[in-house]
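Asker: Now for the letters of each chain:
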Amino acid sequence: MIKSLSTEDTLENSGLSAEEQQLFCNARPKAYEPYPIKAVEDFANWARANSLWILAFGTGCGAIELRPLMTARFDANRFGVAGRPTPRQSSVFVIGGYASVKTLKRIIRSYEQMQGPKFVICLGICPVNGGMYFDSYNTINQFDLYLPVDLYITGCMPRPEVLVAGIMELQKKIKQGRCDGANRYVENFDWYKANQKKVIKNWDMPDYNW
Amino acid sequence: MNELTNRLKVDFDASEITERKPGLTTLKVAKDKAETLIRELRDREGFTHLNFMTCIDYIEDGIFTLVYMLHNYEQKQTLGIHVDIGRDGEEMVSIHHLWAQAWTYQRELREAYGIRFPGSPRLDEDFVLEGWDQIPPMRREFDTQKFSEERFGHREGRQSEVPRDHMKVTLYPNRGGDEQ
Amino acid sequence: MTQSTGHSASLDFTQPEPVDLSSGKYVKLWQGPQHPGITGNMSLELVLDGDTIIECKTHVGYLHRAFEKLMERRNYIQNFTVVCRIAVPEPTFNEYLYSAAVEELSGIEVPERAIWLRTMNLELMRLASFLMWIGGISGAFGKYTVPNWTLAYRDYVLDLFEEMTGARIYHMYIVPGGVRAGMPEGFEERARAIMDGADKLLDQIERVLFNNVVFKARSKGLGIITPDMVDPYGIVGPNARACGFARDLRKDEPYLAYDQLDFDIVTGNEPDAYGRAYCRLLETRQSINLIRQCLERTPTDGPFQADMPNVLHWKIPPGETYVKAECTRGEYGYYMVSDGSEYVRRVHVRGPSYTHAIAVMERLAVGTNIADIAGLMVSLHTYPPEIER
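Protein chains in written order, with the working numbering: chain L, 338 to 547; chain Z, 986 to 1165; chain G, 12 to 400.
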C-alpha cells in the first residue's frame, strides 16, 4: 500500500473520508534538486524555456486575450508556446486576472496536478492586490498568498504584445534559473496550505497528491 | 394597457400602478395574489416572457421587494410586478411551474437573500457560492469590504495606496486635495 | 414553420428524477471548468449511459465577482468603470445599458452624434463577438482552420476599437451623457476596408465551414429547440430566431438610431445547431451592413457629450427602469432602482445565457452524444459571466 511508504512526517488529508484516504497518497511534495553539473542544468533550463505549454484553463477575463495570442496574428507558437488541455502535460499556468474562491479551489487542484518544472503567470492587477474587486466577498485579493507566482503582467486587459513580452521575460528568468516558484511552494507548503484552507471552507480534497 | 391595469386593480387589488416609461408599467400586489396574477397574465393576457425575477432589499422598512418582470411580445409591453415580503425568513410562493428558468432565479434568490420558495426544485443547491458560511451576501447588512479584509487579508510588507490620498500627498500637495 | 406566441401549457419542464448511480450502469463525468471545450469558466456535470448523456446539470459561479453588490457601494460614475467587466466579449452592451438606464432616470438627453457613435460601437461589438463565436463553433466540431481566420480577423475589428476608444477589450467609451470621443480622422476609410475584408472572409467561411460534410453531419439535428419551448424557456435572440420567431429588439422596440437604419430581421427555419450557426452567419453580414450605414450617416461635428452635473456628487431622482438591447445572444437588460441618493439602490443584470446555459442546456443535452456536447453548448452561445455576474 502506498500509504505505508513514508514513515516521516506525512499529510493528514483530513478533508477526505476514511475510505477516500486509502485512495490517495499522503506524502509531502519534494523540492527540485538542480543537476550537480552547471552546464547540464543550464541546458535543461534552455530546453524548458523553449517549450512552455500553457494549461488551457481560462480562470478569468484574461483568457480572452489568450485566443488572439495563440492564433494567427500574434502566433505564440513562435516562442514554443502551445496550449494543452490537461495539467499533466503543461508547464505554465496563466491566471487570467481575479480568482473567485470557487475557481481558486480548481486552480489549486490543477496546479498541484501539474508536473515540474512549472511556472505561474498572473495577468492583470487583480491578483496583485484585488484590483477593482478589492471589496468583493468572492474574489481573493493577493494571489501569492495561495500559490507562488513567477511573473506578473499588469494591465486590464494585458494586450497580446505584453503577453509576448511577458513570455520572453519568463524565458529569460528560466534560463537564468531564477524561476523557483514550485520550490517555494514546497518549502513553505504549510504556510500556503493554511492560507488556502482559510478561504476555501469546504475542503473536500487531498492535501497534495492527486 | 390602461384597461388591463384597471382590471387588475379591481380583480387583484393591484396598487401603485405607475407608468415608468412608454412600454414599462409597474404595480404592486399582495403576496397571496401574486401567483394567480402572474398565471393569469401569462395565460390570458399574452405576457408569455419572463424577463427576470429579482429582489430589492429595503432594510430600513424591513421588507424585501420581489420584482417579476413580464413581457408581452405582441403589444410590446413590459409589466413589473412588485411583491413585498418580510425580511426575516418569510417564504414566497414558487413560480417554477410557470417558466422553466424560474427555479434558477429562485435558487439564486435563496442563496443571495435567504428567501425560501417551498417546492422549487434544487433550491438548496449551491448556485454561485461554495462553502459559504456567512449571512446571505446580497442582504444590505452584509459588509462586503469588511468581510473581504478579514477573509482575504493582505500580505505583510506590502501595502496599497488609496489613489485619492496618494494624489493629495504626492501629486498635488499644495491644493489640499479637498476642492470639489 | 408556424409561429405560436401563446404559452404552451402542455410542455413538461419539471425536473427529472435523479439517476441511480449506485446501480453501476452509469458514469458521472465533469466537463469543465478546466476544459478547453467550455465557453468560458463553467462546468457541466454529466451522467452517461455508454456515450449518451442521460442527465446534465450546469454549475456556474466560477466567475462570480458580486457586481450587483459592488455597484451598490460605488457612486454612479464609479460604477461606469465596473460595468464593462461583466461580459468580456461584449463589454459595450454593459456600458450602453448602464448609461441608458442612468440617463433615463436622471432625464439626460444624449446628443445626436453620440447616438450614432453608440450605434456604430454596438454593431462593431456584435461583429467582433460573432467572429469569435464562428471560430468557437468551428473549433467545437474539430475544425481548427476557421478559428485562426476569424480570431485573427477579429483583431482588425479590435484595432478599430482601439483607434476609436483607446482600448482593445474594455473600451469604457459609452459614458452616461454621451461618448468619450468622436471618430478619428481617416477612420471611415479604414473601417470600410476592414468591412470589405470581413465580407470576403465570411464568403470563405461559408464555403469552408457551412458546406463541410463533417460539420453538416454533426450539427444537423443536434439540439433541436422546438417552437413551443421558446416562451416557457425564455429563449431569445438568434436561438429563437432560428426557430422562426421574428423577434429582434432592434426592430421591435428600437433604441438608439436603429429606427433609421435599413435592415430586416434574420429568421431561420432549422432550429438545430446548424440552423443557429447559419442564422448567426447571416447576422454577422447584417452587422457589417449596419456598420457601413452608420459610417455613412454618423455626423462628424457637433457635441458628443451632454451637459452633465458634477458627477462626483451626482444624485439621481428616485425611480426605476428596465432598459434592454439586442446583444449577439439576445435580450440583454439592466434593471435599475434609484432611491434618490448618490448610490444606486439595486441593479439587476439580465443576461440571455441565464436560461440558455442552464434550463435550455440541461434539457437539450439529454440524449446527446458526449462528443457533441461542446458543439451544443457553443451553438447556444452561452456565456457564463452574465449568469453569475
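Just so you know, the hints here were simulated from the structure itself, not pulled from any lab data. We put the beta carbon where it would ideally sit given N, CA and C, even for glycine. Mixed in with the good hints, there may be bad ones.
[Claimed, not checked] Ranges of calculated distance between the beta carbons of each label pair, as one might list FRET restraints:
no., chain 1, residue 1, chain 2, residue 2, range
1, Z, D1128, G, V38, 37 to 47 Å
2, G, V377, Z, T1021, 25 to 35 Å
3, L, E349, G, D62, 22 to 32 Å
4, G, A257, Z, R1140, 49 to 59 Å
5, G, P29, L, I374, 56 to 66 Å
6, Z, H1139, L, S351, 21 to 31 Å
7, L, A364, Z, D1128, 35 to 45 Å
8, G, E56, L, A531, 24 to 34 Å
9, G, K231, L, A531, 47 to 57 Å
10, G, G351, L, N525, 47 to 57 Å
11, L, A384, G, P29, 43 to 53 Å
12, Z, T1021, L, A355, 50 to 60 Å
13, L, A364, G, Q26, 37 to 47 Å
Asker: Using the beta carbons of G:V377 and Z:T1021, state whether their distance is inside 25 to 35 Å or not.
Answerer: holds, 32 Å
Asker: Using the Cβ atoms, figure out if Z:H1139 sits within 21 to 31 Å of L:S351.
Answerer: holds, 28 Å
Asker: Does the beta carbon distance between G:E56 and L:A531 stay inside 24 to 34 Å, or does it fall outside?
Answerer: holds, 30 Å
Asker: In this structure, is the beta-carbon distance linking L:A364 and G:Q26 contained in 37 to 47 Å?
Answerer: holds, 43 Å
Asker: Within 37 to 47 Å or not, the Cβ separation of Z:D1128 and G:V38?
Answerer: holds, 44 Å
Asker: Just to be sure I understand the hint, the distance between the Cβ atoms of G:P29 and L:I374 should be within 56 to 66 Å; is that true here?
Answerer: holds, 60 Å
Asker: So the hint says 50 to 60 Å: do the beta-carbon atoms of Z:T1021 and L:A355 match that?
Answerer: Taking Cβ atoms as reference, Z:T1021 and L:A355 lie about 52 Å apart, which means the hint holds.
Asker: Has the hinted range 49 to 59 Å been met by the Cβ atoms of G:A257 and Z:R1140?
Answerer: holds, 57 Å
Asker: Taking 35 to 45 Å as the hint, is the beta-carbon distance of L:A364 and Z:D1128 inside that range?
Answerer: holds, 42 Å
Asker: Note whether the CB distance of G:G351 and L:N525 lies within 47 to 57 Å or breaks it.
Answerer: holds, 51 Å
Asker: Taking the Cβ atom of L:A384 and the Cβ atom of G:P29, is their distance within the range 43 to 53 Å?
Answerer: holds, 50 Å
Asker: Taking the Cβ atom of L:E349 and the Cβ atom of G:D62, is their distance within the range 22 to 32 Å?
Answerer: With a Cβ separation near 39 Å, L:E349 and G:D62 fall outside 22 to 32 Å, so the hint is violated.
When the structure is compared with the earlier hints, a violation turns up for hint 3 alone.
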